[in-house]
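> Sequence:
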Amino acid sequence: MGNVGELGRRIGKRLLNFILVVWGVVTLSFCLQVFTGTDPAEMIVRKVNVLATEEQIQAVRESLGLDAPFLERYTDYIKGVLTGDLGTAITNRQPVIENIKDALPVTCTLIVMAMVWVILFTVLLSAISVIRKGGIFDNVTRIVCIIGICVPSFWLALLLLAAFAVQIPIFDVISDGSFKSLILPSAAMAVPIICIATRVLRAAVLSELKSDYVTYARARGLSNTQIVYGEVLRNALPAAITLFAQYCAALFGTSALVESVFSIQGLGIYLMESCESMDVYGISGSILVCGVLFVLFNTLADVLSCVICPAYRRRTA
Numbered sequence: 001m002g003n004v005g006e007l008g009r010r011i012g013k014r015l016l017n018f019i020l021v022v023w024g025v026v027t028l029s030f031c032l033q034v035f036t037g038t039d040p041a042e043m044i045v046r047k048v049n050v051l052a053t054e055e056q057i058q059a060v061r062e063s064l065g066l067d068a069p070f071l072e073r074y075t076d077y078i079k080g081v082l083t084g085d086l087g088t089a090i091t092n093r094q095p096v097i098e099n100i101k102d103a104l105p106v107t108c109t110l111i112v113m114a115m116v117w118v119i120l121f122t123v124l125l126s127a128i129s130v131i132r133k134g135g136i137f138d139n140v141t142r143i144v145c146i147i148g149i150c151v152p153s154f155w156l157a158l159l160l161l162a163a164f165a166v167q168i169p170i171f172d173v174i175s176d177g178s179f180k181s182l183i184l185p186s187a188a189m190a191v192p193i194i195c196i197a198t199r200v201l202r203a204a205v206l207s208e209l210k211s212d213y214v215t216y217a218r219a220r221g222l223s224n225t226q227i228v229y230g231e232v233l234r235n236a237l238p239a240a241i242t243l244f245a246q247y248c249a250a251l252f253g254t255s256a257l258v259e260s261v262f263s264i265q266g267l268g269i270y271l272m273e274s275c276e277s278m279d280v281y282g283i284s285g286s287i288l289v290c291g292v293l294f295v296l297f298n299t300l301a302d303v304l305s306c307v308i309c310p311a312y313r314r315r316t317a
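Mapping to the numbering used here: the sequence shown position 126 is 126, numbers consecutive.
No lab work stands behind these hints, which were simulated from the structure alone.
Since this is a predicted model, take the numbers as computed values, not measurements.
Some hints here could point you the wrong way.
Derived DSBU-like pairs: lysine-lysine, alpha-carbon spacing no greater than 30 Å straight-line [stated by the list, open to error]:
1. Lys101 / Lys133
2. Lys101 / Lys180
3. Lys79 / Lys180
4. Lys210 / Lys133
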């Protein structure tokens with residue numbers, strides 16, 4: 001019963017941290033609107049009439065509440081976020097939340113595909129490297145992982161695009177959002193993370209091999225393959241789950257560059273287009289959604305690790 005109470009306190013603490021961090025993200029998103037030096041009212045009016053007068057701009061400013069006191073604007077923004085109102089985009093005069101709803105599913109699909117690559121190849125490469133430790137496969141894998149960590153995702157995306165869409169036209173140059181068109185960009189996003197995760201998981205599995213239960217398993221006559229796949233990987237699961245959840249969150253930050261290379265109309269592209277047009281509502285809304293998702297995935301990883309791994313709870317107490 002005491003362990004259950006301790007677990008509840010740990011989870012409650014992390015949920016409280018989640019709320020505080022999200023509040024910080026919301027506040028920073030609001031500050032982006034206020035302190036960028038861009039006047040949304042002027043941009044809206046000039047987009048329709050270049051020769052608009054100051055009186056017309058002021059009228060729009062008042063209608064948007066931009067002349068209200070700072071705290072009043074901040075309170076209204078918090079209320080808007082809680083009700084799903086992130087403002088109206090300057091570029092197309094559509095609600096920002098609707099633009100994000102249109103773009104987010106593509107980005108989420110891309111990230112899910114990338115995580116499938118990450119999980120499959122990380123577990124496979126780590127297990128084989130451990131089983132054949134010191135061999136050719138292990139050494140080659142370690143070298144490739146070091147190289148892969150140093151390669152930026154957008155540069156790898158350009159290489160894949162040139163190789164498999166131009167030189168060998170297996171895929172289309174411009175993505176149409178279909179499953180096939182997302183294979184290359186998801187692979188470009190996954191490779192650097194596979195390289196990092198493989199090194200981390202390999203180290204975790206090698207650490208588990210020093211445990212007493214492994215010595216007992218060897219005494220029973222089990223092979224390294226049976227030990228790694230049957231016992232060690234299962235016990236290294238908490239570290240792997242935390243790792244994968246954190247990298248899934250990080251993919252939201254790297255998706256923009258890959259989406260731009262493959263012309264994928266996802267959240268990253270929407271953020272970049274908003275930056276180019278100085279659409280403060282689109283910028284702040286996109287950053288808010290990415291930030292909240294990033295914090296959410298990290299919190300879920302933390303909570304899940306607390307639930308399935310008592311040792312993790314003791315380390316983070």
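> None of the hints should be skipped; say for each whether it holds.
Do the hints match the structure? See the list:
For a cut-off of 30 Å, the pair hint linking lysine 101 to lysine 133 is broken: about 47 Å separates their Cα positions. Distance restraint check for lysine 101 and lysine 180: the Cα-Cα separation of roughly 22 Å lies within the 30 Å cut-off, and the hinted pair is therefore satisfied. At most 30 Å may separate the alpha-carbon atoms for a hinted pair to count; lysine 79 and lysine 180 exceed this at roughly 41 Å. For the hint linking lysine 210 to lysine 133, the alpha-carbon distance of about 14 Å falls within 30 Å, and the restraint holds.
When the structure is compared with the earlier hints, violations turn up for hints 1, 3 and for no others.
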